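Chains as they are written, first to last, in the working numbering: chain V, 1 to 52; chain S, 1 to 148.
It is possible that part of the hints are untrue.
Partial pick of chain S residues on the chain V-facing surface, computed with a CB cut under 10 Å [said to hold, decoys possible]:
1) Phe21
2) Ile55
3) Glu58
4) Glu65
5) Lys139
6) Gly141
7) Glu142
Hints were generated in silico from the structure; no laboratory data involved.
Quick caveat, the model's predicted, so the values are computed rather than measured.
C-beta: ideal position from N, C-alpha, C; glycine also.
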Amino acid sequence: MHDLTQEQLAQAIGVNRQTILAIEKEKYIPSLDLAFKIARYFDVNIEEIFIR
Amino acid sequence: MQRNTFYSLIGCIALALLAIFWYSIEIHLPLLIIVAFIVAIIVIYLARSRVTNLIEDERDQKITEQATIRTMQVFWVAFCAFSIGAAMEILHIPEFPRLTPSMHEPVILPPRLMGYIQLGLLCLMIFLYVGFRIYYARKYGEWDTDEE
């Protein structure tokens with residue numbers, strides 16, 4: 001959708017690529033701070049990313 | 001400095017420390033390995049601060065935190081139990097059970113041996129920590145790969 005790699009997203013929000021991968025695979029639950037950073041990066045509400 | 005260069009540096013330092021350790025034993029100079037160890041740690045910290053592509057994020061911190069907590073939970077019980085037992089053994093208190101003529105003298109472990117056992121327990125803690133670290137790293141997806 002955003003044509004974005006995990007590496008680019010990781011760099012933009014200051015984490016490792018492995019952390020992005022772990023969040024995607026639901027192996028790691030990010031802190032609220034990190035969740036907000038991700039939501040802010042995509043300019044969407046937090047529930048649009050993390051709540052199914 | 002790149003991350004891989006940093007890891008190579010750590011490997012070289014570890015090998016050098018091992019060599020210094022055995023050399024200090026050979027020349028009977030324990031101060032050498034003590035100083036070498038402190039210098040090695042300082043060098044590692046300095047090098048780490050210069051690594052450009054090494055990011056320690058909240059997931060890394062969580063892995064470290066969980067591994068440390070679990071290690072301490074296991075370790076302090078084993079270490080304290082042994083230490084209390086050793087102290088009682090050394091101080092001969094309480095003299096229990098009371099010796100009767102039919103009983104043999106209880107075997108008292110030499111204090112130096114107890115020190116070695118405590119040292120062994122400390123070394124075991126390192127392995128325990130590494131084990132827990134691997135476990136939590138796997139749990140939080142450290143070595144996962146994707147199709148990207």
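Can we keep the isoleucine 55 of chain S interface hint, with Cβ of chain V closer than 10 Å?
-> holds, 5 Å
Have a go at the glycine 141 of chain S hint: is there a Cβ in chain V nearer than 10 Å to its own Cβ? holds, 3 Å
Check: Should the interface hint for glutamate 65 of chain S be scored as holding, given a Cβ-Cβ cut-off of 10 Å against chain V?
Finding: This interface hint is violated because 13 Å lies over the 10 Å limit.
Under 10 Å, Cβ to Cβ, is where glutamate 58 of chain S needs to be relative to chain V, so tell me if that hint holds or is violated. holds, 6 Å
Check your understanding: Does phenylalanine 21 of chain S pass the interface check with chain V, least Cβ-Cβ distance below 10 Å?
Key -> At 33 Å from the nearest chain V Cβ, phenylalanine 21 of chain S fails the 10 Å test, so the hint is violated.
*Grab the minimum C-beta distance from lysine 139 of chain S to chain V and call the hint holds if it beats 10 Å, violated otherwise.*
holds, 7 Å
Is the interface hint satisfied for glutamate 142 of chain S? The criterion is a beta-carbon contact with chain V at less than 10 Å.
holds, 6 Å
Hint compliance for this structure: hints 1, 4 are broken, all remaining hints hold.
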